[in-house]
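Could you slot chains B and C onto chain A? The hints should help.
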Amino acid sequence: MYRRKRKILSGDNMKKIKKKDIGKLLSKWQADFTVFTPSRATGVARMEEWDGKDTDFLTWYRNTVIPPKNNILPNMEAMFRFQKDEAGYQLEPVTPEQKQIIFGIRPCDARALTIIDMVFKDTYEDRYYLTRRQNTVLVGLGCTNPYESCFCTSLGIHPAQSADVDLMLTDIGNELLIEEITDKGKELLGKSSGLTDASSNDEDSAKQSRETAYQKVTRKLDTTGIADKLQASFEDKDFWGKVAAKCVTCGICTFLCPTCYCFDINDEISKGSGARFRNWDSCSFSLYTKMPAENPREEKWQRVRQKVCHKYEFYPRLFDTIACTGCGRCIRFCPVNWDITQTLESVPEHSAV
Amino acid sequence: MNDIESKLRTEARNLLEQGKVNAIIGFAPGSLKFTTTPLITGDKEDTDRLVINPFIANNLSVFIHDIEGPVGIVAKGCDARSIVSLIQDNQLAREDVFILGIPCPGVIDLRKVEKLVGRDRDEIDDITRDNDRVTVAVGGENKEFSITEVLRDDCLSCESPAPKEYDLLLGEDNVVVGDRELSRSHIRELESLPPAERWEFWKNEFSRCIRCYACRQVCPACFCERCFVEESEPQWISPLPRWQDNLVFQATRVIHVAGRCVDCGECERACPVNIPLRSLTGKMDEIVEELFGYKAGTDKDAPPLMTAYVPEEAEDFIR
Amino acid sequence: MSQDAEWEPKILGFLCRWCSYAGADLAGTSRKKYPPNVRIIKIPCSGRVDPLLILKALRMGFDGVLVSGCHPGDCHYQTGNYRARRRIAITKKFLEYIGVEPQRVQASWVSASEGDKWSQVVADVTREIKEIGPNNLFADE
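Residue numbers (this note's numbering), protein chains in the order written: chain A, 691 to 1043; chain B, 53 to 371; chain C, 321 to 461.
For reference, chain A alone in the conformation it holds in the complex (with noise of 0.2 Å):
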């Protein structure tokens, strides 16, 4: 199981803001970043720039539709334009500039960023993701009421607290406590204006409220030894085409998922120039792995199955991590309520391969 070393500062560091005063801190903010709170305005719930007003976002307890790694890796972005003249094709790197704080991201998808930082870290190091990533501050919140779909406790993720974020926001009535988590956080926090000083009450409201959310957690999932179960598994083809039979493959629970990032490549050329751009794409859909010989994962009991191996066994093999944070989107989202905690709990004992 990942886990980052957690610096918690002493109690008369912690700072606290009223719910009410969060408009003012983040027009402060807003001199210096472009920042994105949870929002509604669009029609759907996701990370928005935020209009200047609504703070409506601190009532809703719980998480986004569309997860934040839409601001980090977004399903549309240019990576290069070019231009044809007489002497060849000129190419104009895009590079994102933009600096930006997400605030109010849940530990759940917080956690989900830093497990996909690993494979844009890996061998080649993305950086279209990786300046997005340096460019971001996270402002994290934590939830006071979790899903029932929620299951980050089975996953080693608390509700309420993270490591994976720069400062971290815990709900304690009308305020909220503010704890800095890394450097960047307390350089964020020195930017801020409306913040009081937070009692050892506070700090123990704080503790009560995590712990609350933490309980409220119900649904659970036991990932022991997941990963052999599955490579021994993985021939069983009755178990996976059981598993897969109602599955529609669309795209949902990977485009939902904080910690799938797979990405298609498209050139789009008019005249002789363009510019190249990614777009997310989906192991679900059919012609991922089309190629003019085959199809490897033709049918869909195979690509089900990859789905579910991809996050709960190659990438811990590959990086000590499962790549799922409990964030609940595809149980909740998927139109035929296919449910990853169910099939895992189904994975049928083989002997070891």
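Worth double-checking, as some hints may not be accurate.
Unchecked claim - Distance condition first, Cα-Cα at most 30 Å in a straight line; then the derived DSSO-like pairs of lysine-lysine:
| no. | chain 1 | residue 1 | chain 2 | residue 2 |
| --- | --- | --- | --- | --- |
| 1 | B | Lys96 | A | Lys990 |
| 2 | C | Lys330 | A | Lys961 |
| 3 | A | Lys906 | B | Lys164 |
| 4 | C | Lys352 | B | Lys255 |
| 5 | B | Lys59 | A | Lys906 |
| 6 | B | Lys255 | B | Lys164 |
| 7 | B | Lys164 | A | Lys927 |
| 8 | A | Lys927 | B | Lys72 |
| 9 | A | Lys906 | B | Lys195 |
| 10 | B | Lys85 | A | Lys932 |
| 11 | A | Lys708 | B | Lys59 |
| 12 | A | Lys910 | B | Lys167 |
| 13 | A | Lys932 | B | Lys59 |
| 14 | A | Lys743 | B | Lys72 |
| 15 | B | Lys164 | B | Lys352 |
| 16 | B | Lys164 | A | Lys910 |
| 17 | C | Lys376 | A | Lys961 |
| 18 | A | Lys743 | A | Lys710 |
| 19 | B | Lys352 | C | Lys413 |
| 20 | A | Lys932 | A | Lys789 |
| 21 | B | Lys255 | A | Lys990 |
| 22 | A | Lys961 | C | Lys413 |
Said to hold, decoys possible - Short, incomplete list of chain A residues facing chain B, as computed with Cβ under 8 Å:
| no. | residue |
| --- | --- |
| 23 | Gly733 |
| 24 | Ser839 |
| 25 | Arg966 |
| 26 | Asn969 |
| 27 | Cys973 |
| 28 | Arg1022 |
| 29 | Val1026 |
Said to hold, decoys possible - Computed footprint of chain B on chain C; a stretch qualifies when at least three of its residues, placed anywhere within it, have a C-beta under 8 Å from a C-beta of chain B:
| no. | region |
| --- | --- |
| 30 | 337-347 |
| 31 | 369-375 |
| 32 | 412-419 |
| 33 | 423-430 |
Source of the hints: derived by calculation from the structure; they are not laboratory data. Predicted, not measured: the structure shown is a model, and the values here were computed from it. We treat Cβ as the ideally placed atom computed from N, Cα and C, and that holds for glycine.
Chains B and C only, in chain A's frame:
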């Protein structure tokens, strides 16, 4: 367990035992409150898990082509119409489906309930229906609503809630409390706007489409092995999620399924970003009826809408 | 071409190769005068026109689309134009519903001997589309 459920479980088990079908497709309890999930099984013991309740939302006919050989399928009115439509399109043979018809009193729209009580489904304790009253137990209180306030919009405009094509009808053929006008009110609203505003509305809606293709995947009428949007030579539509291309994708899809779409509403329910797709499919339903007097899935011997013709019709726009 | 020429619509025409294309050809050999705004794509039959092509044309920025085929009963493939008729009928109504000006989608029956008619159709269609202005439906803001 209600009467229909017990009859259904017995029949389904018998069909498998007698080898009349290779699999049963029905609904089982879901893993979340107020949810059911498709049950596709060749094991007769699984039939004990079959349920019939106000949350049997999916159009199960989308799974038929996955099964080899004869299949027994639980079908509400809309599902049965989809099956008829598939038969018309030669996508399945009538003798390969054993239709277990369910006279459907309508499916409850969870989004509507959530909106009415101002809470997420996770906070709702129970939703029960008693004919045309629905009681929602939330926060220690019981709130009552009329069924027309919480039924899915497509159920409100459904003209054949009980399947007309079936092998066995489990229950009495009934009439659901409908309100076609209420169900189509959003379409009427849009029609009252000037064209430029309508376009702005759809432009806005499709700005949040993420091209997950759930709308297409849950639709039984979308059975093409390779969808036009997956063609790369030529590439008709860019795979990048710009609103322009999202809109062209959906508009083309709706036109492509005209005459096959039975307005089951699954596309809209599946959409994770809440695009009101039924305000497109519902309108196409009306267009098709207005121009050609055609209602999808009502006559398995009729030629499909778009291959049929009458020597003189719909000429007024042609020079 | 004058530098400040007023806007001229670009119209994409799908002409069936047996009737309409021949009719257009006849208009040419008969030296009929008519506007040059229709860019022609020859198709085997008006029944080839998938509504996708109409939408794609509008997406690309064409100001209008004109589908022209054989008269009902005269289709070289018997029923192709009947299918085209149904498809274009529902496409027009649907596009109108979502906010596309109905004049942008046009259809005509032009037979191989109707060179006159073809030139008239093009003139009428061009004028109608000119009146409603350029297609900015898919313009980015």
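Okay, the hints, checked on the actual structure:
no. : hint                  : verdict
1   : B:Lys96 <-> A:Lys990  : holds, 24 Å
2   : C:Lys330 <-> A:Lys961 : holds, 19 Å
3   : A:Lys906 <-> B:Lys164 : holds, 25 Å
4   : C:Lys352 <-> B:Lys255 : violated, 42 Å
5   : B:Lys59 <-> A:Lys906  : violated, 39 Å
6   : B:Lys255 <-> B:Lys164 : holds, 24 Å
7   : B:Lys164 <-> A:Lys927 : violated, 40 Å
8   : A:Lys927 <-> B:Lys72  : holds, 24 Å
9   : A:Lys906 <-> B:Lys195 : holds, 25 Å
10  : B:Lys85 <-> A:Lys932  : holds, 23 Å
11  : A:Lys708 <-> B:Lys59  : violated, 59 Å
12  : A:Lys910 <-> B:Lys167 : holds, 29 Å
13  : A:Lys932 <-> B:Lys59  : holds, 25 Å
14  : A:Lys743 <-> B:Lys72  : violated, 63 Å
15  : B:Lys164 <-> B:Lys352 : violated, 34 Å
16  : B:Lys164 <-> A:Lys910 : holds, 29 Å
17  : C:Lys376 <-> A:Lys961 : holds, 18 Å
18  : A:Lys743 <-> A:Lys710 : holds, 11 Å
19  : B:Lys352 <-> C:Lys413 : holds, 26 Å
20  : A:Lys932 <-> A:Lys789 : violated, 47 Å
21  : B:Lys255 <-> A:Lys990 : violated, 33 Å
22  : A:Lys961 <-> C:Lys413 : violated, 34 Å
23  : Gly733                : holds, 5 Å
24  : Ser839                : holds, 6 Å
25  : Arg966                : violated, 11 Å
26  : Asn969                : holds, 5 Å
27  : Cys973                : violated, 13 Å
28  : Arg1022               : holds, 7 Å
29  : Val1026               : holds, 5 Å
30  : 337-347               : violated (count 0)
31  : 369-375               : holds (count 4)
32  : 412-419               : holds (count 8)
33  : 423-430               : holds (count 4)
When the structure is compared with the earlier hints, violations turn up for hints 4, 5, 7, 11, 14, 15, 20, 21, 22, 25, 27, 30 and for no others.
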